[in-house]
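Q: What follows is each chain in one-letter form.
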Amino acid sequence: MADPLISLRGVTKTFGVGPAAFQALRGVDLDIMAGDFVAIMGPSGSGKSTMMNILGCLDVPSGGEFLFKGVHVERLTRDQRALLRRRYLGFVFQGFNLLARTTALENVELPLLYRGEDKKTRHKMGMAALEKVGLADWWDHTPAELSGGQQQRVAIARAIVTSPDVLLADEPTGNLDSERSVEIMELLTDLNRTSGVTVLMVTHEPDMAAYAHGVVHFKDGLVERTHSNDRPGSPFVSSEVETRPSTALGTNGGEVSRTC
Amino acid sequence: MLGPTIILAIREIRRHLLRSFLTILGIVIGVMSVVTMVTLGNGATAAVKEQISSLGSNILQIRPGQGFGRGGGGPQPPDFKPEDVDAIRAQIAGVKVVAPQAQTSGMAVRNAANWSTTINGTTSDYLIAQQWQLSAGRSFTPAEEQAGKAVCVIGSTVEQNLFRRENPVGQRFRLKDLSCEVIGTLSRRGQGGFGQDQDDVVLMPIKAVQRRFTGNRDIRMIMVAVDPAYDSATVQSSIADLLRERRNISGGKDDDFNIFDTAQISETLQGTTKILTALLGAVAAVSLLVGGIGIMNIMLVSVTERTREIGIRLAIGAVAREVLLQFLVEAVALACLGGLIGLLLALVATMVLAPMMQVPFIFDPQINLLAFFFSALIGVMFGYFPARRAASLNPIDALRHE
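Chains as they are written, first to last, in the numbering used here: chain L, 261 to 520; chain F, 8 to 409.
None of these hints come from the bench; they were simulated from the model. Hints are supplied without guarantee of correctness; some may be wrong.
[As the list claims (entries may be wrong)] SDA-like mimics (lysine to any residue), calculated; alpha carbons at most 25 Å apart, straight line: (1) K380(L) x R18(F); (2) K379(L) x I403(F); (3) K379(L) x L24(F); (4) K479(L) x K88(F); (5) K56(F) x I36(F); (6) K103(F) x S244(F); (7) K379(L) x R22(F).
Okay, chain F solo, but in the shape it has when bound (with noise of 0.2 Å):
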């Protein structure tokens, strides 16, 4: 019985190709702006983990102040000093490397080249930390790092600015008014989590950094990459611990310093882009069931207009359900219909749009199924009413109906 139900479902479309072109148009929209919505979402969330990863996995970083930089009005909190980077390494369990760093700003000098760049004072355990490469020289020594050389380790937007093709290693430039060797060329990393370039940085030893630029003993910040085997949170809080102790912040007094947690960053802006992607994803079901009663309405419209067909089955000999189901048959092939279309749209659209938005594409096959069946239900629950009402129609009336 179903078999010949199709036949007359599918003829019935084909018959009115414009109708049913129109009647499908809103599953066609919303099953495309979910797919999209979800589609686009779940590569934003990608992007966001990778670009959080990207500062390095299980990172503590830790700044004077609350919050980023340092607070406006009131003393301001002081910097770290180089005894708190040792005690740190010291006196916690769980600190695999710990990295000082002391930043500032300059222009970086070579022949007719000049470029401003990040000057970044560190050490070598900095590279460890973030899991930064090498692509050519080596990093600092430890007697580098303790006679505070002046050599350097560039990231590579600055060597394409300074030395274009030439291999910088060995050369020297200006740096401000320090003339620097180059002992060491970083990897590339390209953009970091918040738009700016990871690869236009100037790495030195921290107290080359401190004695010719800054001219103290400042650490604005301090690099604790932790061990896998630890819990992040529990080391954060004996650092959290010890640094109050240091600083001589008393029982109910706040830190005057905060430890960014790469991981529960991480974490949260993920969780923040999932939350964004339910909610596009919900505005668009919405346009999907919108969808869907549109397919009530040109299936109402069509029942109408048909009923002297209908009358012309029934007289002919169908019996109610056959009516009825040919209705249904219609509606949930249109219904279909237009949510294949809508996943080949929102396959193109994905496609077109990520790249353009700077997400990866990721291809979920789960969100294109369920769409596609929401769809499918769609029609069997906007189609039944239309249908339930042609099977029902009296056969002498709607072969009388003009």
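Only chain L is shown next, with the shape it has when bound in the complex (with noise of 0.2 Å):
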């Protein structure tokens, strides 16, 4: 079995100090492999956020190991995880986060700028992204001429353009009806089936949840249940369980395994 892409052991979050300190999450373990497909559920306050920021590398753990393909993310400065997110993360947003007055394509191009691409080649990446999301006609309007799921799926070519090893989504349906919402998962699935990115979906919606191959459920800042959709070829698989009290996701649908 190969290393999982993302390693959480005892991580925990702690804002504030002193009295006002708060505990956001309290120790939490969890694998991700390659090509997975993970929604993270919980109510309000329940940490998903924090961990979406901790995974995402944009938040670091205050306590606990965090390893993103064997690298102690922890150990990491802010400049080298701004370049890790860079080279490895893609970010889809809630509010989907484009810039205002600025077409799809430029919204689009942005990371390859940051990559130093040039002006033909980002062109070209920035055009096959909006291809995938199906908006390739659209590449010069900008998001004011957009519709929500037409913002959302140029913020996820946005997101993919770099080719990421891991796709972050921060409730990327909250703000969408039902059809549109069911538009954006097919083409999550569809990414993370055929071009294999890991993607990790913070969501409360156990509809859209249901189109991941494992859920976690957070709360109090931990982790309370984790299982597994059955889908057939999933490779929501941990075969560390019985060796270490690590909280895993099974492929037999439906087993949860506790620890903490």
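With the hints as a guide, dock the two chains, each given alone in a separate frame, to form the complex.
A: Take a look at the structure:
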């Protein structure tokens, strides 16, 4: 069995100091394999957003270990994490977060600009990404001229234009009606299957979580339970359930292994 | 890394044209006023220099009394006598020519035309001292000067008013109650250093003026042209010593005459205009500084307004340095743009204002470059603080910012 792409060991996160300190994460163990599609669920305040920020290398854990491709992310500097995000991660947000008054193509090209790609390459890769999300004809439209679903698809194009290893989606369907939500989820599923990109998605809608291979439920800063959606060919596995008291997700549908 | 940053900055400026324009307005006005002030000031200095040199270079003007004209109360110091002129000519080293002057004014009449003008009694040396060319005819001969003949050389204003387009040389006209023959005409000189019309003059032999008009031998002014090989200050002081002796002014008493050195006046006046230029430039530079603060203001607002955008960039993988550079480049690009527009406006303004103010338009590349680089520097100075603030934002907070 290959090493997991992402591995969390006893990850804690504390905000504030002294009596006002608040522990958002209280020791999370989690393994995610390359090619997984994992949904993170939980009530507000459960620590799922904090978890997402740490997984997205936007924040560092207060304690514990976070290995990404075997690298200790908690030991990286701010700029090193930025470079890691640039190279390996793609982000999709609930509020789309496209640059206003900027065309779809320019938005999609943005990560390539930071990678130092030349104009021709940027244009080619940007158009290819827009093609993948079905918006190639809309390349010169600004966000204001696009519907919510289209904006989110542009955001997804921006996230995948660099062919990242991991796509982090924070409530990607939170601002969309159910029809658009289904479109977005199908797009994510399709990307996961065809490009093999690992998808980590925070959502509070069980319907959306059902698209994932596995679901991690958070409660009070801990992983409450995990379960796997029974899907044929799902790579959502962990072979280390027996040997290590970590939260792992089995392949045989509905099995929950709890630790902590 | 600079390449994409510049692209981003220029995109951003283009995207917010009105805001960008308002941002740079301060710099535009600042650069424009600095460059306009200094350019016009330089023009004024040049104009003063030119006007002073129209008095004649290296000329000492000797007048009785202290300061310009004769003082108010008390006994008037006496005018000079022809003997004083002879003494200066004979005894002072470094004197090129000495021209006495006796002035009066009167009406010149010819046929139906009449014109009130200045009558200047002098010698042909006056034209040498003033470096004044004749446009036609000749100057006085020594015999005419000696005899005090009623001949005259007229300035172009007088020529125009009395003779229109006729050739005046050889013609006669009436000056006060004297019939006078025109033997020459003066070339055009234009306005003098103090705004007077230098061409509104009739030159006559000094003896003619003294005998026919003033009725005495008094000389109101002696003009001395100093040999360029000699120091005018030394010549000035030896003339002063000679005149004190001739006018019986003993030890501690003040001179009852004054010697006016055009070179010295030229320096003084040029110094004054230079100081004024520097002063106006400094005031304008303050407005440039205020313009810089305007840029900082807008950039800070822009950082707040674009917090989410910064968050997106950071999440996508921009390192702090790139965000800092983007905002810095934006500020510098804005400032440079403002500087350029300011320079263009200053060029237009000076080209319009210089003729209105009757000063020459002198393009000074130095001040233009200086103002431009200063505005770029202001961009860096005042752009750095907002840029650092943008770069130090926490991506999570920035993304959550509404």
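Q: Now tell me if each hint is right for this structure.
A: Hints, one by one, checked against the model:
1. Pair hint K380(L) plus R18(F) holds up; C-alpha atoms about 18 Å apart against a cutoff of 25 Å.
2. For the given pair, K379(L) sits about 30 Å from I403(F) by alpha-carbon distance, which is inconsistent with the 25 Å threshold.
3. A threshold of 25 Å between alpha carbons decides the hint, and for K379(L) with L24(F) the separation of about 24 Å falls inside it, so the pair holds.
4. Restraint check: the Cα-Cα separation between K479(L) and K88(F) comes to about 117 Å, which exceeds 25 Å; the hinted pair is violated.
5. Taking the CA atoms of K56(F) and I36(F), the gap is near 30 Å; set against the 25 Å cutoff, the hint is violated.
6. In summary, the hint linking K103(F) to S244(F) is supported, as the alpha carbons are separated by about 16 Å, within the 25 Å threshold.
7. Distance restraint check for K379(L) and R22(F): the Cα-Cα separation of roughly 19 Å lies within the 25 Å cut-off, and the hinted pair is therefore satisfied.
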